[in-house]
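Chains C and G are the protein sequences, given in the same order.
For the first sequence, this note's numbering gives the first residue as 213, with consecutive numbering after it.
For the second sequence, this note's numbering gives the first residue as 213, with consecutive numbering after it.
The set of hints was computed from the structure by calculation and includes no laboratory data.
Every residue, glycine too, gets a C-beta built ideally from N, C-alpha and C.
All clues stand as given, with none of them false.
Pulled from the structure, derived: some chain C residues nowhere near chain G, Cβ distances all over 12 Å:
(1) Val280
(2) Ser290
(3) Leu307
As a list, the in silico DSBU-like pairs of lysine-lysine whose alpha-carbon atoms are at most 35 Å apart:
(4) C:Lys310 / G:Lys264
(5) C:Lys310 / C:Lys291
(6) G:Lys264 / G:Lys291
(7) C:Lys264 / C:Lys291
(8) G:Lys310 / C:Lys264
(9) C:Lys310 / G:Lys310
(10) C:Lys256 / C:Lys291
(11) C:Lys285 / G:Lys264
(12) C:Lys264 / G:Lys285
Protein chains: 2
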Amino acid sequence: MKKRSVKPPREQPREQRFAYDGLDRVIHERARLGMLTSLIAHPKGLPFGDLKRLCGLTDGNLSRHLQVLQTAKVVDISKRLEGNRPQTLCRITALGRKRYVDYLAVLEQVILDAAAAVETPPAGKRSRSFAQL
Amino acid sequence: MKKRSVKPPREQPREQRFAYDGLDRVIHERARLGMLTSLIAHPKGLPFGDLKRLCGLTDGNLSRHLQVLQTAKVVDISKRLEGNRPQTLCRITALGRKRYVDYLAVLEQVILDAAAAVETPPAGKRSRSFAQL
Numbered sequence: 213m214k215k216r217s218v219k220p221p222r223e224q225p226r227e228q229r230f231a232y233d234g235l236d237r238v239i240h241e242r243a244r245l246g247m248l249t250s251l252i253a254h255p256k257g258l259p260f261g262d263l264k265r266l267c268g269l270t271d272g273n274l275s276r277h278l279q280v281l282q283t284a285k286v287v288d289i290s291k292r293l294e295g296n297r298p299q300t301l302c303r304i305t306a307l308g309r310k311r312y313v314d315y316l317a318v319l320e321q322v323i324l325d326a327a328a329a330v331e332t333p334p335a336g337k338r339s340r341s342f343a344q345l
Numbered sequence: 213m214k215k216r217s218v219k220p221p222r223e224q225p226r227e228q229r230f231a232y233d234g235l236d237r238v239i240h241e242r243a244r245l246g247m248l249t250s251l252i253a254h255p256k257g258l259p260f261g262d263l264k265r266l267c268g269l270t271d272g273n274l275s276r277h278l279q280v281l282q283t284a285k286v287v288d289i290s291k292r293l294e295g296n297r298p299q300t301l302c303r304i305t306a307l308g309r310k311r312y313v314d315y316l317a318v319l320e321q322v323i324l325d326a327a328a329a330v331e332t333p334p335a336g337k338r339s340r341s342f343a344q345l
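Generate coordinates for the entire structure from the input sequences, incorporating the hints supplied.
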C-alpha cells in the first residue's frame, strides 16, 4: 500500500487540551458571572437595586441578563412587599448553584493551566518543553 | 434643614463589589480564552492547525477569533515555510501577555469570591452574615 503523504510524522498536540467546553456560556458572560457570584454569596436573595449596585450595571442591562438567567432556570425572580413598597427579589436556584459550581471547576483549571505557563521563564532559558502539552 | 426621605437608612451593599471590570472582553470570550491560554503555554508560537486542534475549533471560528485578537494587537500572525508548505504561525505578543496576566488576576479574584461563598454552609446554619459584602 502506498503512503499518501511523504510528510514526516510530527507529534500532534493533545486534542482539545484548551477547549474548556465546560465554561457554560450562560454563566461565563462577564456581567452574568458577576451577578451569579453576587447571588451565590447572598443565598437568601438580593433586591434588584442591591444587585444592580453590587454589579455596577444599569437597570436595562441587569434586566436583560436576569431574563437570560431566569429562562435558563438558574435564577428565580419574585415580587414581595418591603414595608409598603413592592420589591423584586433575585435568588440563585439549586440548579443555578450546581451549574455555577461545575463552571467554577473549569475556571480553576484555566487558572492552573495559565499560571503554569505564565510562571515559566522566557523561551531560550527553559529547560522544559511544552511539546507534550 | 428638612430630610428629604422618611425611609429608614438601610445598609447599602459595597458598590460594584462584583463588577469585575478587569475581565477584559477581548480575552474573556470562551474560545479566545482557550486560544490565549494555549498560546501563552507555547511562547514560540503555534501553527494554525495545532491551535485549532488544541482549542477544538473549526477553521472558520479560529480565523474569526484570531482576527479579533490580531486587531487588538494581542496576537501576531505570520506566514513561514515549513518544509515546502506555507504555514500560518500564531504567537502571543508582549502586550497580549501583559493583558492576559492582568486578566488572570481578576479571574483569580472571582474564584476567591466564589469559593468563599460556595463553601459557606446553607442559610440558617451560618454564623457569619453576608450583609457586609
